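Turn these sequences into a full structure, and let the hints guide you.
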Amino acid sequence: MSPMIILCLFIPLIGTTLGSAMVFFLKKEINPKLQKILMGFASGVMIAASIWSLLQPAIDHYEKGDFRAWLVPAIGFLIGVGFLLLLDYVIPHIHINKGEEGVKTNKIGKTAKMMFAVTLHNVPEGLAVGVVISSALTHNINESAMLALAIGIAIQNFPEGAIISMPLKEEGMSKFKAFLLGFLSGVVEPIASLFALLLTGVANVVLPYALAFAAGAMIYVVVEELIPEANEGPHSNLATIGLAIGFVIMMVLDVALS
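Residue numbers for the sequence shown, in the numbering used here: 1 to 258.
Keep in mind that the hints were calculated from the coordinates and are not lab data.
The model shown is predicted, which means the values in this text are computed figures rather than measured ones.
You can trust all of the hints, since none of them are fake.
Pairs of lysine to aspartate or glutamate, EDC-like flavour, derived with a Cα cap of 20 Å:
| id | residue 1 | residue 2 |
| --- | --- | --- |
| 1 | Lys-27 | Glu-171 |
| 2 | Lys-27 | Glu-170 |
| 3 | Lys-33 | Glu-229 |
| 4 | Lys-33 | Glu-232 |
Restraint ranges, calculated between C-beta atoms of paired labels, are given here:
| id | residue 1 | residue 2 | range |
| --- | --- | --- | --- |
| 5 | Gly-82 | Ala-244 | 24 to 30 Å |
| 6 | Lys-177 | Leu-71 | 48 to 54 Å |
| 7 | Gly-65 | His-139 | 20 to 26 Å |
| 8 | Phe-67 | Pro-32 | 45 to 51 Å |
| 9 | Asn-237 | Ile-191 | 34 to 40 Å |
| 10 | Ile-79 | Leu-194 | 17 to 23 Å |
| 11 | Glu-171 | Leu-7 | 31 to 37 Å |
| 12 | Pro-3 | Pro-32 | 35 to 41 Å |
| 13 | Val-255 | Ser-174 | 45 to 51 Å |
Every residue, glycine too, gets a C-beta built ideally from N, C-alpha and C.
What follows is the structure, given as structure tokens:
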């Protein structure tokens, strides 16, 4: 396994770790404007990656004219979306800055639930990285696109690490313990990546389904989580600008360097 692939396995976790480490440097939470830009940028990267790094290789896996070129990506994509829908039904979202109907809720309890929710939705992102690495190993995409996707997910993970560790510190937990809990929420990503990498490496027939599944899961996360949160409150245009920049950068890496 090349150093680049090993790096891509752990880049998303590095993003979570750096975000959690903000507990040592910041007295307050990340600037809301910066958070909007980061979420928008990550959304753009993940949307572009879903198209060119995941769906397009799934389509190109089959010869032109083969009905599976559209059927398999469609099935895999819908299963990916359906899987995240099921998780949302079983485990409702917890947003750290909101109480229900304006009622204050216990922040420690909310943060514990938020950590669980973040950890859970890190799973499909980890799967996506693993599937893209597998696709790069089979030369369906280039390593630059693989690296860009990993970096995009890491950028998204940065504020997630902070929104777990910062409230815990504010409630009296030690900085190190708050950091450790934020870090642990991201550990699931390289584990999920290795699982996806092993699964797609066993049977080539699984790869197009896995690529499309990862695309559906990532689009769901973007639409359900990132874009709504990035557009809350004032300065939502910053998220739009970040999304456009992230989308273009990922598109250039996927298309121009392929």
